[in-house]
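There are 2 protein chains.
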Amino acid sequence: MKPLEILVIGGVAAGASFAARARRLNEAAHITVIERGPDVSFANCGLPYHIGGEIPTRAALAVQNPQSLKALLNLDVRTGCEAILIDREAKRVLVRDLAGGNESWLGYDALMLAPGAAPLVPPMPGINDPRILTLRNLQDMDRIITAMARATRAVVVGAGFIGLEMAEQLCHKGLTVDLVELQPQVLPQLDAKMTRLLESELSAHGIAIHLDEQLTGFTASEHSVQANLASGTALNADFVIMSIGVRPETGLAREAGLTLGARGHIVVDAFMRTSDPAIYAAGDAVETTDRVLGGAIAVPLGGPANRQGRVAADHLLLGDKARPYPGSVGTAIVRAFDIAAGLTGWTEQRLAKAGIAYGTVTVNDNHHASYYPGAKPITLKICWEAESGRLLGAQATGGDGIDKRLDVLATAITAGMTIDDLCHLELAYAPPFGSAKDIVNLAGFAATNLRDGLVRRVDELPDDPTTQVVDVRGQALAAAHPVEGAVNIPLTTLRQNLNGLDRDRPVITLCTAGKMSYFAARVLSQNGFEVSSLSGGIKANLDPRVPTKV
Amino acid sequence: MKPLEILVIGGVAAGASFAARARRLNEAAHITVIERGPDVSFANCGLPYHIGGEIPTRAALAVQNPQSLKALLNLDVRTGCEAILIDREAKRVLVRDLAGGNESWLGYDALMLAPGAAPLVPPMPGINDPRILTLRNLQDMDRIITAMARATRAVVVGAGFIGLEMAEQLCHKGLTVDLVELQPQVLPQLDAKMTRLLESELSAHGIAIHLDEQLTGFTASEHSVQANLASGTALNADFVIMSIGVRPETGLAREAGLTLGARGHIVVDAFMRTSDPAIYAAGDAVETTDRVLGGAIAVPLGGPANRQGRVAADHLLLGDKARPYPGSVGTAIVRAFDIAAGLTGWTEQRLAKAGIAYGTVTVNDNHHASYYPGAKPITLKICWEAESGRLLGAQATGGDGIDKRLDVLATAITAGMTIDDLCHLELAYAPPFGSAKDIVNLAGFAATNLRDGLVRRVDELPDDPTTQVVDVRGQALAAAHPVEGAVNIPLTTLRQNLNGLDRDRPVITLCTAGKMSYFAARVLSQNGFEVSSLSGGIKANLDPRVPTKV
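Protein chains in written order, with our numbering: chain F, 6 to 555; chain D, 6 to 555.
Among the hints, a few may not be true.
With beta-carbon atoms standing in for the labels, derived distance ranges [claimed, not checked]: (1) F:Ala95 - D:Gly490: 45 to 55 Å; (2) F:Ala33 - D:Val555: 28 to 38 Å; (3) F:Gly211 - D:Arg148: 45 to 55 Å; (4) F:Ala391 - D:Glu392: 36 to 46 Å; (5) D:Arg500 - F:Pro43: 22 to 32 Å; (6) D:Glu94 - F:Asp457: 27 to 37 Å; (7) F:Thr498 - D:Ser226: 50 to 60 Å; (8) D:Arg148 - F:Val492: 40 to 50 Å; (9) F:Ala33 - D:Ala362: 57 to 67 Å; (10) D:Arg93 - F:Gly421: 36 to 46 Å; (11) D:Glu392 - F:Gln219: 55 to 65 Å.
From the structure, some residues in chain D lie toward chain F, with a derived Cβ separation under 8 Å [to be verified]: (12) Ala48; (13) Cys50; (14) Pro331; (15) Ala374; (16) Tyr376; (17) Leu411; (18) Thr416; (19) Pro436; (20) Val492; (21) Leu496.
Pairs of lysine-lysine residues, derived as DSBU-like cross-links and limited to a Cα-Cα distance of at most 30 Å, are as follows [claimed, not checked]: (22) D:Lys381 - D:Lys520; (23) D:Lys326 - F:Lys442; (24) F:Lys520 - D:Lys326; (25) F:Lys381 - F:Lys96; (26) D:Lys96 - D:Lys7; (27) D:Lys381 - D:Lys96; (28) D:Lys381 - D:Lys178; (29) D:Lys442 - F:Lys326; (30) F:Lys96 - F:Lys442; (31) F:Lys381 - F:Lys178; (32) D:Lys442 - D:Lys554; (33) D:Lys442 - F:Lys381; (34) D:Lys381 - F:Lys75; (35) F:Lys442 - D:Lys381; (36) F:Lys381 - D:Lys381; (37) D:Lys554 - F:Lys75; (38) F:Lys7 - F:Lys326; (39) F:Lys442 - F:Lys520; (40) F:Lys75 - D:Lys520.
Don't read these hints as lab results, they were simulated from the structure. Bear in mind that the values here come from a model prediction, so they are computed numbers and not experimental data. All residues carry an ideal CB built from backbone N, CA and C; glycine is no exception.
Kindly produce the complete structure, drawing on both the sequences and the hints.
Right, dumping it as C-alpha cells:
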C-alpha cells in the first residue's frame, strides 16, 4: 500500500501537535512539515520572559528542531519554506525555498493548515520605522533584545495579555515604560473594575499608563521615535512594541477558496476540517465554537491550538474513535509583577452587550486560610444565566491562587454547572492550600442569596442624598479609611442603633469585602428597611488596595 | 408570635455555621449554642501549625468567642456546658454547667447536633500514660506545646493526614520523630505508589518511618514512654501523639434513639435531618452520601461540616428555597515539608476492593511550563469507570500545583465528566501558571489512548525472562540511573534498531515519566511487536525522585 502523504503548513503549536499525533497513529505515513520561519515547535508563550531575563537561556525556548523531530517522530521538517499556492484539484501545494528561491510542488492526501496569526500593525504615519517592533517568534524576540541593549525608554501599545507581559518584562530590565491603551482600562478582555488591581500594580512599578488613548502615528528622529496620541500627548521612546492584537494568516486559505468566517478566520467543523474535506486547519487561524453560549469564537492561544491539532490527526487516522473538538470557553490569565488576573467564559460587559439576561456577583476572600501565614486576597466575579443559574463566566484577580480558581470555574462552566453547584464543590483544604469555605463556594453562596432574594446588590454608591449609606466596618478602620458620604455604624452595634436610621429612606450597606455589609443588610431588611449591599465591597468597587485592618 | 427556639449542641465548624446562617435567615429566633469546651468556632485545622510555630500566635486560631458571636450574630453561646440528655417528646435538652455542676433543661423548636468526632484511643497496655496525647482542640494543642518544651523525642502513631502534619511540625521544632503506621505505606487513604514521594520527603527530613507496624502498647518509665510494636521494635519518646483516626461522638444521639449508621454515625437525609424531624445533625458525627458511587460516607473534614450546617439552617428557615446537601466526593490534601499529596473521589485500591470495573492511568509533568524557571514535577493518577469512561477518582503528588489539579478533578468528578472531557478542559495558561497541555489534559489523553487500544499499560516489571524490557531514555541518563534487566534503546534510535529486538517475545517499554515509553510502544506495536508501556514510568513505579537529566 502506498503510504499516506500528509503535508503540514506551519510547524509551531497546532501544526507540530498535528504532525506528532499523526506519527503516533501512523508509522508508515510520509509526514512533511513546511515552516516559513527558521524554527519549529518553539515556546512562543515564553518569548516575553526571555526578553525580561526570567528565562535565562534562549535555547530553553527552542523545544524541538528539524533534527530532533526527525529522530523522535520521523518527520520531514523543512524550515525556511513558504507555501505559496494550494492546488486543491490536484491535491498539491506549491512551496518556495526562501533561501534559494526554488519552487516545487508537494502532493498530499491530507493537508493541515496551521499558519497562525500575525501581530496587527495598522497603517498610520511613521509605522514603518524599524524601531517599531512586534513579538511573534524568536527573531522578533532577538530584535527586541537588540533594541533593548541601548535603550532606556520604551512604549508598549496595547494593554492586553502580550502588552502587559511586555510592559512588565521591559520594566524588569530597567526601562522606563509607557503603556498605551485605546480602552479606558488595561486588559480590556475583563470587566473594568476587575482590572484596577492590575492597573495599580503596574503603576506601583513605575509604568506610566495612558488609557482611553488613540494612537495616531509616529514621528521619527535620529535618537528616538515618538508615539503620537489623539489627546495630544507625545511619548518618546527608543523603541515601540505594538501589541494591539493579531490577525489570522489566511491569505493562502482565501486564495484556495476555502470558507472563511466573518472576521477572516478559516471555518472548520468539529473535526477541524475546512470546507475541503482533504484539508484540515487548526490554531490561531481558525474559528471554532463558543462552548458557553454557542456561536463562532477565535481563541488565539497555545492550549486550544495544540488540542485542535490533535483532534484533526485523530479524525484523519483514528476513524470512528476520533472525538470532536468541543469548542472553547476562552480561559486566559496574565501576571504582572505580584498580581495575576484572568477570565474564563463571558464577562458582564459581553453579556450586557449581547442582551443576555444575567446575574453577577463579586466576592473577596484570601487564597488560603486567613489565619495561616501568607494569605493573599483574591477578588472573584462570576456571571450566570438569570433564568437557569447556569454559570457563564468568571474573572479573578489577586496575588496568588488566581489560576486555581479560574481552572475550577472553567471546569464548572464546561460542565454546565449552576450557582447552586458552586456552593457544594468540595475543594482540597488544608490551611496552606485553601479554606474550609473556598472563595468559589462563597461565590456560590452569594449568588444563590441574590437569586433567593435574601439580599439586593448595588455596585456603585448613588449621588442621591435620600439614600443612607452605612459603613459597617469597625470604627477605627472606617475612621482611618473613610468612604465619603457614608455614616459608620459597625456591624457589632447595628442592632442597637437601628433607630439612628430612617426607615423611610433606602439604605446601602458597605464594608471592605462585601460580607459584613451583606450580614448588615440581612439585619436591616428583617427590621423593615429597604436595603442593598455594595457587592464586593470597597475592594471591588472603590479601592482594590483598601486595608482590612487599621 | 413566639420567636423560634433554636438550640445548637457543639459550637465549632458545623454548629457555628448552622447558627450563623440561622441568624442571617431569622433575626427574631432565640439561638442558643451549647459547647462543652471553653472555645467556639476555632480553627481546628490550624492546630498543628501553631504547634510547629508556623502560625506564631495562639490568638489567630480563636476565630470567634461568645462575646463576638453575641455582638455579630446575637447568639447565646454557653461554653463549658455539656448536653447530657435529649428529651425528644418534650423537645428539651438537659444541660450541665461543667464548672458549677448545675443542670437545667433547655427547650427547643429545632435542635442541631454537631458534636464532632473524638480521636480514637484504643484500649491497650499503658495507654493511660499522661504523656500519650491526642489533638482535637486548643487545650490538646496547649498540652502538646507544654510537652514539647522539655522534649527531644516524639512518637507519632498513625500516618494519616493529622499524623503527617504533626510529624512535620514536630520535626520543624527540632524533635526526633518516629512515625508508626499499621499499613505498609504512609497516608493509607491513597494508593501505595502515590505515597512514595511523601515517604521519601519525610525520610529526607530525618523522620523515622515504621510501616506495617502494629502498636501493642506502652511501657512507662520516669523519663520516657516506650511505644511497643508487634515486630518487637520499641520506640522511646518524651511524648506520643495518637493520630490513628476519629470516632463520631454520638452517645447523646444513640441514647435519644436516633438512627445511627453501620459505623456509629448519625444518619441524616439530604437536608441534614435525623430520624427525628425536629433534630438536625451535621459535621464529623454524621454520614452522608458518596457523590461518586452512592452509598454512605463519613467525611470528618471542615469543609463538608460548614456546608452541612448551612444546608440544615436553610431547610429550617428557607422552606422551598432550601437545596439539599449533595453528598461528598472526599477531597483531601496534606503537605509535608516541600511535598503535597491528596485525593478526590475513589482510589484504585478502593475500586478494586469493591469489585468495580475501572481503568486507571498515571502521568507525570511539571506544574507549569517546563521552560519557565521553578517548574516542579507532579505525578497524577486518575481512575474511571471502565464502561462509561466517567471519572471516579484522582490522586496527585508533587511540589506545587497539587491542590489546583485536585480541585479541577474534584469539580470534574462532581460534574460526572469523562476521560474524554478531561482532554479538552481549557485551563488558564501562561508560563508562570500552567502548560499549553496541562497534566490534567495529559491524563485525559493517556486514558483515552488506553481506552482506544492505542497502548497497553503495565505498572510493574515482570520477573519473567521472556519479556524484553526496553529503556528508551537517552543513553547517558540510562547509564547513570540504570533499570535492572532493561536494555537501553533510546527512542531517537528505536526505528533503526528494531531488528535488535525479538518479535516473538513481548516487550515492555519504559522511561522516566511514561511518555517516551508510550511513543516507543506506538512505534513497536505498528511494527508487529506485542508491547506494553510502563504507565507513569520509573517515577511512578520505581523511584519517585529519579533524575530527568544526567
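Comparing the hints with the structure gives:
no., hint, verdict
1, F:Ala95 - D:Gly490: 45 to 55 Å, "holds (53 Å)"
2, F:Ala33 - D:Val555: 28 to 38 Å, "holds (34 Å)"
3, F:Gly211 - D:Arg148: 45 to 55 Å, "holds (52 Å)"
4, F:Ala391 - D:Glu392: 36 to 46 Å, "holds (38 Å)"
5, D:Arg500 - F:Pro43: 22 to 32 Å, "holds (26 Å)"
6, D:Glu94 - F:Asp457: 27 to 37 Å, "holds (35 Å)"
7, F:Thr498 - D:Ser226: 50 to 60 Å, "holds (58 Å)"
8, D:Arg148 - F:Val492: 40 to 50 Å, "holds (48 Å)"
9, F:Ala33 - D:Ala362: 57 to 67 Å, "violated (35 Å)"
10, D:Arg93 - F:Gly421: 36 to 46 Å, "holds (43 Å)"
11, D:Glu392 - F:Gln219: 55 to 65 Å, "holds (59 Å)"
12, Ala48, "holds (5 Å)"
13, Cys50, "holds (5 Å)"
14, Pro331, "holds (5 Å)"
15, Ala374, "holds (7 Å)"
16, Tyr376, "holds (4 Å)"
17, Leu411, "holds (4 Å)"
18, Thr416, "holds (4 Å)"
19, Pro436, "holds (5 Å)"
20, Val492, "violated (19 Å)"
21, Leu496, "holds (6 Å)"
22, D:Lys381 - D:Lys520, "holds (17 Å)"
23, D:Lys326 - F:Lys442, "holds (21 Å)"
24, F:Lys520 - D:Lys326, "holds (21 Å)"
25, F:Lys381 - F:Lys96, "violated (57 Å)"
26, D:Lys96 - D:Lys7, "holds (16 Å)"
27, D:Lys381 - D:Lys96, "violated (57 Å)"
28, D:Lys381 - D:Lys178, "holds (27 Å)"
29, D:Lys442 - F:Lys326, "holds (21 Å)"
30, F:Lys96 - F:Lys442, "violated (59 Å)"
31, F:Lys381 - F:Lys178, "holds (27 Å)"
32, D:Lys442 - D:Lys554, "holds (22 Å)"
33, D:Lys442 - F:Lys381, "holds (27 Å)"
34, D:Lys381 - F:Lys75, "holds (29 Å)"
35, F:Lys442 - D:Lys381, "holds (27 Å)"
36, F:Lys381 - D:Lys381, "holds (22 Å)"
37, D:Lys554 - F:Lys75, "holds (21 Å)"
38, F:Lys7 - F:Lys326, "holds (23 Å)"
39, F:Lys442 - F:Lys520, "holds (13 Å)"
40, F:Lys75 - D:Lys520, "holds (18 Å)"
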